[in-house]
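Make a model of the complete structure from these sequences and hints.
Chains as they are written, first to last, in this note's numbering: chain A, 15 to 431; chain B, 647 to 791.
Some hints could be false.
[Unchecked claim] Mimicking SDA-like on lysine to any residue, the simulated pairs with C-alpha atoms at most 25 Å apart in a straight line are:
#1 B/747 <-> A/376
#2 A/393 <-> B/689
#3 A/426 <-> B/654
#4 A/426 <-> B/769
#5 A/426 <-> B/658
#6 B/766 <-> B/744
#7 B/772 <-> A/364
#8 B/667 <-> A/429
#9 B/772 <-> A/34
#10 B/662 <-> A/397
#11 A/393 <-> B/682
#12 A/31 <-> A/321
#13 B/662 <-> A/423
#14 B/662 <-> A/342
#15 B/766 <-> A/423
#16 B/772 <-> A/427
#17 B/745 <-> A/37
#18 B/766 <-> A/431
#19 B/747 <-> A/36
#20 B/728 <-> B/751
#21 A/393 <-> B/705
#22 A/393 <-> B/687
#23 A/393 <-> B/683
#24 A/393 <-> B/769
#25 A/396 <-> A/425
#26 B/726 <-> B/696
#27 A/316 <-> A/17
[Stated by the list, open to error] Stretches of chain A that chain B covers, calculated by requiring three or more beta carbons in the stretch to come under 8 Å of a beta carbon on chain B:
#28 367-380
#29 383-389
#30 418-431
FYI, nobody ran anything at the bench for these hints, they're computed from the structure.
The C-beta atom is built at its ideal place from N, Cα and C for all residues, glycine as well.
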Amino acid sequence: MSSLDIAAIKADFPILKRRIRGNNRLIYLDSGATSQKPNSVLDAERDFYQNHNAAVHRGAHQLAEEATELYEGAREKVVKFIGADSSEVIFTKSATESINAIAYSLGNSTFGSRFHIKAGDRIVVSEMEHHANLIPWQELARRTGAELAWFKVTDEGRLDLSNIDDLINSRTKVVALTHQSNVLGTINPLGEVTKRAHEVGALFVLDACQSVPHYKVDVKSINVDFVAFSGHKMLGPTGVGILWGKKELLDAMPPFLTGGSMIETVTMESATYLDAPKRFEAGVPNMAQAVGLGAAIDYLNKVGLDRIHAHEVELTKKALAGLQTIGGLSIIGPKDLEMRGGVVSFAIDGIHPHDLGQALDQFGIAVRTGHHCAWPLMKRFKTVATTRASFYLYNDLEDIAALVDGVERARKYFAER
Amino acid sequence: MELDSLYQEVILDHYKRPLNKALAPNPDAQVHHVNTSCGDEVTLNLHLEGDRISRVTWEGVGCSISQASTSVMTDLLIGKSKEDALALVEEFQTMLQSKGKDTGNEEHLQDGVAFAGVSKFPARVKCALLGWMAFKDALQQAVKK
Numbered sequence: 015m016s017s018l019d020i021a022a023i024k025a026d027f028p029i030l031k032r033r034i035r036g037n038n039r040l041i042y043l044d045s046g047a048t049s050q051k052p053n054s055v056l057d058a059e060r061d062f063y064q065n066h067n068a069a070v071h072r073g074a075h076q077l078a079e080e081a082t083e084l085y086e087g088a089r090e091k092v093v094k095f096i097g098a099d100s101s102e103v104i105f106t107k108s109a110t111e112s113i114n115a116i117a118y119s120l121g122n123s124t125f126g127s128r129f130h131i132k133a134g135d136r137i138v139v140s141e142m143e144h145h146a147n148l149i150p151w152q153e154l155a156r157r158t159g160a161e162l163a164w165f166k167v168t169d170e171g172r173l174d175l176s177n178i179d180d181l182i183n184s185r186t187k188v189v190a191l192t193h194q195s196n197v198l199g200t201i202n203p204l205g206e207v208t209k210r211a212h213e214v215g216a217l218f219v220l221d222a223c224q225s226v227p228h229y230k231v232d233v234k235s236i237n238v239d240f241v242a243f244s245g246h247k248m249l250g251p252t253g254v255g256i257l258w259g260k261k262e263l264l265d266a267m268p269p270f271l272t273g274g275s276m277i278e279t280v281t282m283e284s285a286t287y288l289d290a291p292k293r294f295e296a297g298v299p300n301m302a303q304a305v306g307l308g309a310a311i312d313y314l315n316k317v318g319l320d321r322i323h324a325h326e327v328e329l330t331k332k333a334l335a336g337l338q339t340i341g342g343l344s345i346i347g348p349k350d351l352e353m354r355g356g357v358v359s360f361a362i363d364g365i366h367p368h369d370l371g372q373a374l375d376q377f378g379i380a381v382r383t384g385h386h387c388a389w390p391l392m393k394r395f396k397t398v399a400t401t402r403a404s405f406y407l408y409n410d411l412e413d414i415a416a417l418v419d420g421v422e423r424a425r426k427y428f429a430e431r
Numbered sequence: 647m648e649l650d651s652l653y654q655e656v657i658l659d660h661y662k663r664p665l666n667k668a669l670a671p672n673p674d675a676q677v678h679h680v681n682t683s684c685g686d687e688v689t690l691n692l693h694l695e696g697d698r699i700s701r702v703t704w705e706g707v708g709c710s711i712s713q714a715s716t717s718v719m720t721d722l723l724i725g726k727s728k729e730d731a732l733a734l735v736e737e738f739q740t741m742l743q744s745k746g747k748d749t750g751n752e753e754h755l756q757d758g759v760a761f762a763g764v765s766k767f768p769a770r771v772k773c774a775l776l777g778w779m780a781f782k783d784a785l786q787q788a789v790k791k
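Set out below in structure tokens:
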């Protein structure tokens, strides 16, 4: 059994005490969309506003000093958490903004710059991307005349690497890939792809929204150029995301959002810009949220990412086994535990996911239904929607048993009526 | 169970055996509507004969609520005048947006009143309205021609 004390963990998350649709215990299986927040995160945000609130990096007063210290302290926590250098971690408002920042920065590069993207160049993504790591690249391709190409996905829900050398060719300037599919749970093998991308001189952008919250991601050892993830999926508040990039790239790239806080000198005609991270942090940032994210990282460190991952593998194993005993149910994504995270998508013959999700909700079970912001992947699997259960450190085997039981009850409900 | 107020027998019947679900050729208007939050789709063909709705046929994929509601709508509106049809769409929409207060006039809406329970589930209101909004759009387009 798991080495985590789930009862103690659950007690740290006040929302998990809620009763749902009558008197059902809340069984929250939608952490892939957003995670719940422990008391320590809620307290950190409140403490910032209550005792230290001031605009960071400006002001000559004590509060400004304290606020800056807390904000930069939160940055240091992120830095250590992902194995980065201090000046490489940028606070954004979301992972979506992080990815757009890269795409717009590249798009703002002038002719002759190493970052300039033009007609004839190629941007490579995959069929399993969340819209947040697809549309910004579609738009960059549209604005520059570059071509968008993509990895296919196999029937098992794995990245099809069979044509990698043709797909990532000498014209390829950017490869943008998800670390773990938010629908399939598939963890992508990065080594082969980053190697090929760098062979041809392309930049590699990693969407780490579904990985960083759940297992150790060391940005230096995975050999990528940019990483994007969000705070709210890792016990932190909404409104804060992270963009990590290699320092020498960030300092050479044009900024995306411009304004206060990111300038070095300004005249009426022009301006020069600070180096990263400030280069990409225009305006007063989401300070309390960054501080909340710092508290979330403390919490994750206290429990231990390795133990969290091992626990989620155990939950996933139980869920895959249990769900597959249900008549007419099929798993969409890998059925084995190899290179797989705690996200399980499934379909049941004759029951639309929206109806299934509605029935589960009546039993207190919160799952996600729909296209999961991955419409092309739905088309790939010839469906419009799936039901998805996603797990985190506060779920236990009882939650998984409730899910399996709930799905079976829902199946019977619709079959018999 | 509260689920029963949502999934009335009538709804599941229409879901399993939908009416007018096969697109008739040469319509006066064709529209394609999508529920962007869940991906449900309806393609609807409208045929008019003068002032009268002569045929409403459709194809679609989606949840029981969206598909059954579209089926009920076609059955109700075929044969009505344009004006009466629009008034019924209006009445159905008002019921759906009533948050459970309006149980619907069965004389007017017939099987449509089965969807009154949906109005208590805000996330599903859009599902129930998908086909109806497609019809309204199709009628506007057909009239413009």
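For each hint, the structure was consulted:
Between residue 747 of chain B and residue 376 of chain A, the direct Cα distance comes to roughly 21 Å. Compliance with the 25 Å bound is thereby established for this hinted pair. For a cut-off of 25 Å, the pair hint linking residue 393 of chain A to residue 689 of chain B stands: about 17 Å separates their Cα positions. At roughly 16 Å between alpha-carbon atoms, residue 426 of chain A and residue 654 of chain B fall within 25 Å of each other, so this suggested pair holds. Proximity of residue 426 of chain A to residue 769 of chain B is assessed by CA-CA distance (about 23 Å); at most 25 Å being required, the pair is judged to hold.
About 14 Å separates the Cα atoms of residue 426 of chain A and residue 658 of chain B, which keeps this hinted pair within 25 Å; it holds. For the hint pairing residue 766 of chain B with residue 744 of chain B, the CA-to-CA distance comes to about 8 Å; that is within 25 Å, so the pair holds. Proposed proximity of residue 772 of chain B and residue 364 of chain A is supported: the alpha carbons are some 21 Å apart, at most 25 Å. Taken as a hint, the residue 667 of chain B and residue 429 of chain A pair is honoured in the structure, with Cα atoms around 22 Å apart against an allowance of 25 Å.
Pair hint residue 772 of chain B plus residue 34 of chain A holds up; C-alpha atoms about 23 Å apart against a cutoff of 25 Å. With a C-alpha separation of about 18 Å, the suggested pairing of residue 662 of chain B with residue 397 of chain A holds against the 25 Å cut-off. Restraint check: the Cα-Cα separation between residue 393 of chain A and residue 682 of chain B comes to about 14 Å, which is no more than 25 Å; the hinted pair holds. The hinted pair formed by residue 31 of chain A and residue 321 of chain A meets the criterion: a straight-line CA distance of about 24 Å does not exceed 25 Å.
At most 25 Å may separate the alpha-carbon atoms for a hinted pair to count; residue 662 of chain B and residue 423 of chain A meet this at roughly 19 Å. In summary, the hint linking residue 662 of chain B to residue 342 of chain A is supported, as the alpha carbons are separated by about 17 Å, within the 25 Å threshold. Straight-line distance between C-alpha atoms of residue 766 of chain B and residue 423 of chain A comes to about 22 Å, which keeps the hinted pair within the 25 Å bound. Distance check on the hinted pair: residue 772 of chain B and residue 427 of chain A sit about 23 Å apart at the alpha-carbon level, within 25 Å; holds.
The straight-line distance between the Cα atoms of residue 745 of chain B and residue 37 of chain A is roughly 22 Å, inside the 25 Å bound, and the hint therefore holds. A hinted pair counts as satisfied when its Cα atoms are at most 25 Å apart, and residue 766 of chain B with residue 431 of chain A qualifies at roughly 21 Å. With a CA separation close to 20 Å, the supplied pair residue 747 of chain B and residue 36 of chain A stays within the 25 Å bound. Using a Cα cut-off of 25 Å, the hinted pair residue 728 of chain B and residue 751 of chain B holds, with the two alpha carbons roughly 20 Å apart.
Distance hint between residue 393 of chain A and residue 705 of chain B is fulfilled; the C-alpha atoms sit about 17 Å from each other, no more than 25 Å. The suggested pairing of residue 393 of chain A with residue 687 of chain B holds, with an alpha-carbon distance near 13 Å, which does not exceed 25 Å. Under the criterion of a C-alpha separation no larger than 25 Å, the hint pairing residue 393 of chain A with residue 683 of chain B is consistent with the structure, at around 15 Å. Between residue 393 of chain A and residue 769 of chain B the alpha-carbon distance is near 23 Å, which keeps this suggested pair within the 25 Å criterion.
Of the supplied pair hints, the one linking residue 396 of chain A and residue 425 of chain A holds, its CA atoms being roughly 21 Å apart against a limit of 25 Å. Proposed proximity of residue 726 of chain B and residue 696 of chain B is supported: the alpha carbons are some 11 Å apart, at most 25 Å. For a cut-off of 25 Å, the pair hint linking residue 316 of chain A to residue 17 of chain A stands: about 13 Å separates their Cα positions. Counting residues of the segment 367-380 of chain A whose CB lies closer than 8 Å to any CB of chain B gives 6, so the stated coverage by that chain holds, three being the minimum.
A stretch counts as covered by a chain when three or more of its residues have a beta carbon under 8 Å from one of that chain; for the segment 383-389 of chain A and chain B the count is 4, and the coverage holds. Against chain B, the segment 418-431 of chain A contributes 3 residues with a C-beta closer than 8 Å to a partner C-beta. That satisfies the three-residue criterion, and the hint holds.
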